[in-house]
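Student: Chains as they are written, first to last, in the numbering used here: chain A, 1 to 307; chain B, 1 to 240.
For the record, the hints were derived by calculation from the structure and aren't laboratory data. Note that the structure is predicted; figures quoted are calculated from it, not measured. Honestly, I wouldn't trust all of these hints.
[Said to hold, decoys possible] Calculated pairs, DSS-like style, for lysine-lysine (alpha carbon to alpha carbon, straight line, at most 27 Å): (1) K141/A - K274/A; (2) K186/A - K178/B; (3) K167/A - K186/A; (4) K141/A - K155/A; (5) K177/A - K101/B; (6) K59/B - K153/A; (7) K123/A - K153/A; (8) K38/A - K274/A; (9) K218/A - K257/A; (10) K142/A - K178/B; (11) K38/A - K90/A; (12) K155/A - K248/A; (13) K59/B - K167/A; (14) K141/A - K177/A; (15) K35/A - K167/A; (16) K232/A - K177/A; (17) K265/A - K249/A; (18) K36/A - K274/A; (19) K248/A - K274/A; (20) K186/A - K59/B; (21) K232/A - K257/A; (22) K155/A - K101/B; (23) K186/A - K218/A; (24) K270/A - K257/A; (25) K178/B - K218/A; (26) K79/A - K248/A; (27) K178/B - K141/A.
[Said to hold, decoys possible] Simulated coverage check for chain B against chain A, where a stretch passes if three residues somewhere in it have a Cβ under 8 Å from a Cβ of chain A: (28) 2-13; (29) 82-96; (30) 108-120; (31) 180-191; (32) 200-207.
[Unchecked claim] Computed list of chain B residues with no C-beta within reach of chain A, every gap over 12 Å: (33) I42; (34) L49; (35) R73; (36) A144; (37) Y216; (38) L230.
Each residue gets a CB set at the ideal place from its N, CA and C atoms; glycine is no exception.
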Amino acid sequence: MQSDIARRGLAAALGLSLALAPLSLRAEDLTGTLKKVKDSGAIVIGYRDASVPFSYLGGDQKPVGYALDICFKIADAVKANLGLPNLEVKLNPVTSATRIPLMANGTIDLECGSTTNNAEREKQVNFTNSHFLTATRYVSKKSANLHTIEDLKGKTVVSTSGTTNIKQINEANTERKLGLTILPAKDHAEAFLMVETGRAVAFVMDDVLLASLAASAKDPSAFEISTEALSKPEPYGIMVRKDDAPFKKVADEATAKLYTSPEGKALYDKWFTKPIPPRNINLNLPMSAEMQKQFTTPIASPDPAAY
Amino acid sequence: MNYNWNWRIFFDASPEGNGTYLDMLLSGLMWTIATALCSWLIAFFLGSLIGVLRTLPSKTANAIGTAYVELFRNVPLLVQMFLWYFVLPEVVPTQVGDAIKQLPDAPFYTAVVCLGFFTASRVAEQVRAGIQSLPRGQGMAGTAMGFTVYQTYRYVLLPNAYRIILPPMTSEFLNNLKNTSVALTIGLLELTARARSMQEFSFQVFEAFTAATLLYVIINLVVVTAATYLERAVAIPGQR
Numbered sequence: 001m002q003s004d005i006a007r008r009g010l011a012a013a014l015g016l017s018l019a020l021a022p023l024s025l026r027a028e029d030l031t032g033t034l035k036k037v038k039d040s041g042a043i044v045i046g047y048r049d050a051s052v053p054f055s056y057l058g059g060d061q062k063p064v065g066y067a068l069d070i071c072f073k074i075a076d077a078v079k080a081n082l083g084l085p086n087l088e089v090k091l092n093p094v095t096s097a098t099r100i101p102l103m104a105n106g107t108i109d110l111e112c113g114s115t116t117n118n119a120e121r122e123k124q125v126n127f128t129n130s131h132f133l134t135a136t137r138y139v140s141k142k143s144a145n146l147h148t149i150e151d152l153k154g155k156t157v158v159s160t161s162g163t164t165n166i167k168q169i170n171e172a173n174t175e176r177k178l179g180l181t182i183l184p185a186k187d188h189a190e191a192f193l194m195v196e197t198g199r200a201v202a203f204v205m206d207d208v209l210l211a212s213l214a215a216s217a218k219d220p221s222a223f224e225i226s227t228e229a230l231s232k233p234e235p236y237g238i239m240v241r242k243d244d245a246p247f248k249k250v251a252d253e254a255t256a257k258l259y260t261s262p263e264g265k266a267l268y269d270k271w272f273t274k275p276i277p278p279r280n281i282n283l284n285l286p287m288s289a290e291m292q293k294q295f296t297t298p299i300a301s302p303d304p305a306a307y
Numbered sequence: 001m002n003y004n005w006n007w008r009i010f011f012d013a014s015p016e017g018n019g020t021y022l023d024m025l026l027s028g029l030m031w032t033i034a035t036a037l038c039s040w041l042i043a044f045f046l047g048s049l050i051g052v053l054r055t056l057p058s059k060t061a062n063a064i065g066t067a068y069v070e071l072f073r074n075v076p077l078l079v080q081m082f083l084w085y086f087v088l089p090e091v092v093p094t095q096v097g098d099a100i101k102q103l104p105d106a107p108f109y110t111a112v113v114c115l116g117f118f119t120a121s122r123v124a125e126q127v128r129a130g131i132q133s134l135p136r137g138q139g140m141a142g143t144a145m146g147f148t149v150y151q152t153y154r155y156v157l158l159p160n161a162y163r164i165i166l167p168p169m170t171s172e173f174l175n176n177l178k179n180t181s182v183a184l185t186i187g188l189l190e191l192t193a194r195a196r197s198m199q200e201f202s203f204q205v206f207e208a209f210t211a212a213t214l215l216y217v218i219i220n221l222v223v224v225t226a227a228t229y230l231e232r233a234v235a236i237p238g239q240r
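Work out the full structure, taking the sequences as your base and the hints as a guide.
Tutor: Written out as structure tokens, the structure is:
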């Protein structure tokens, strides 16, 4: 009996709050990032200094990139949503080690780079619609004549420590009994240097990063990327604070609108099939089938099987 | 702060597939300790030698000692790591270079040699300061007793000098221990490198670095305590 009254009371309260919801959508009830952006009059975009072509420092030390262009679109959507055309867009550099603390403490509102969206990371942050899909492959010297995973048997390979790629090559090594020596490197540039100097025969990494490293090498034609991939294509996403549904909604809508419009395709071509600053290298990475699907029906899932 | 604290993360299986995140950090700690101890052996003996060279009554010996110290303490440690790891194998004959590159655990050996040579330059300065702080009469007394230069250093000057410089040497030892983290740039999977990969995998950055900090503090406290006992054990009764 008592619980019945309580239930009815709850239902009434719910009904009331639902009825009031449309009224409370105005500025004074903004929460999370949208409120913070409105109060401070600025939205802060975190960028990486060397994630070519997603987010990096161009010729005049100004951050540029594919992910950054997408973030500017999100910032425009935030401006429109808040009705603040003069909202300031600030840029703040981040590294793989600082991106989480800076996002958590409110220094940055969007992280624009090449951050893989996976289930484990979704416990700490959320991601908007994936902007790129990349599979794990390896780059080696053309003279070594390596194309498949089997070709690597018994050889020394390198990967960047702390990445999902080094985990995958470790697993493949055990499962397929390849007998590899796997060296961890501090960052991508150094891992590539290890292949260049012969400390390792191959560098296992996201294929898009390999393409950019090879394209900017002294002699791009001396390197080739493996034909066989080690993983399903994994999604890159733009990071937003966790459990901030109103802000994520703005970001999701803005990115979905961009990706499904012809502008999305043009943006992709600008960074992946044409010469890019600062040295006018061309990555030559036409859109894959998975990417075309993602741009027709954008999703933000951390599960590679969903793409 | 919008952060999802999870202190139980240490007991979750790490994605590397061999144990938990805690095991990962502890394996990093082992590499840190191994690197620190091995490089300290080089630093102590080479540093003592260079320090003595700088106090000998020979111009050539002084010049060699000074050149060594200035070279190794003026080049940033990070640059030295890169020189040892990437440049050295290219300047030696190709066969030797290839052999170095194929060495298993190459980052470990490189880090030991690099840190050893770097810290030696700092130890050398401490040793020199210790010797020069002794009254000049001590060396003269040695000569008057008919000691050779070697004997004067071995039995008169160094035993006193080492006692004087024990506290700053403890600092050098601690510095050396923490400097091992620079070796993560050449791929040594020591404590800081492990904390970094833990935060990349799990995104639990504060937990990872808190644990690493605590581990560093604990080993440093152990070293400081041991040094205090050592100081007491070797003190000359009645001095000071």
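Student: Would you mind marking each hint as holding or not holding in the structure?
Tutor: To see whether the hints hold, each was checked on the structure:
1. K141/A - K274/A: 24 Å, holds
2. K186/A - K178/B: Measuring from Cα to Cα gives roughly 18 Å; hence the hint holds.
3. K167/A - K186/A: 15 Å, holds
4. K141/A - K155/A: 13 Å, holds
5. K177/A - K101/B: Within the cut-off at roughly 23 Å; holds.
6. K59/B - K153/A: With Cα atoms ~57 Å apart, K59/B and K153/A exceed 27 Å; violated.
7. K123/A - K153/A: 36 Å, violated
8. K38/A - K274/A: 37 Å, violated
9. K218/A - K257/A: It is violated: about 39 Å lies between the C-alpha atoms, which goes past 27 Å.
10. K142/A - K178/B: Not OK: K142/A and K178/B at ~41 Å, beyond 27 Å, violated.
11. K38/A - K90/A: 14 Å, holds
12. K155/A - K248/A: 45 Å, violated
13. K59/B - K167/A: Answer violated: K59/B to K167/A is near 56 Å, above 27 Å.
14. K141/A - K177/A: Holds. K141/A to K177/A sits at ~23 Å (cutoff 27 Å).
15. K35/A - K167/A: 39 Å, violated
16. K232/A - K177/A: 20 Å, holds
17. K265/A - K249/A: 22 Å, holds
18. K36/A - K274/A: Distance ~38 Å between K36/A and K274/A Cα, so the pair is violated.
19. K248/A - K274/A: 31 Å, violated
20. K186/A - K59/B: 44 Å, violated
21. K232/A - K257/A: 26 Å, holds
22. K155/A - K101/B: 13 Å, holds
23. K186/A - K218/A: 21 Å, holds
24. K270/A - K257/A: The hint holds at about 18 Å.
25. K178/B - K218/A: 36 Å, violated
26. K79/A - K248/A: 14 Å, holds
27. K178/B - K141/A: 37 Å, violated
28. 2-13: With 4 residues closer than 8 Å to chain A, the region 2-13 of chain B meets the three-residue bar; holds.
29. 82-96: holds (count 3)
30. 108-120: As far as the region 108-120 of chain B goes, the hint is violated, because 0 residues have Cβ atoms under 8 Å from chain A.
31. 180-191: As far as the region 180-191 of chain B goes, the hint holds, because 5 residues have Cβ atoms under 8 Å from chain A.
32. 200-207: Per the Cβ count (7), the hint holds.
33. I42: Answer for I42/B: holds, closest chain A Cβ roughly 23 Å.
34. L49: 32 Å, holds
35. R73: Holds, because the least Cβ-Cβ distance between R73/B and chain A comes to about 24 Å, which exceeds 12 Å.
36. A144: About 57 Å separates A144/B from the closest Cβ of chain A, which puts it past 12 Å; holds.
37. Y216: The claim stands: Y216/B keeps its Cβ more than 12 Å from every Cβ of chain A (closest is about 16 Å).
38. L230: Answer for L230/B: holds, closest chain A Cβ roughly 35 Å.
Hints 6, 7, 8, 9, 10, 12, 13, 15, 18, 19, 20, 25, 27, 30 from the list above are not met by this structure, while the remaining hints are.
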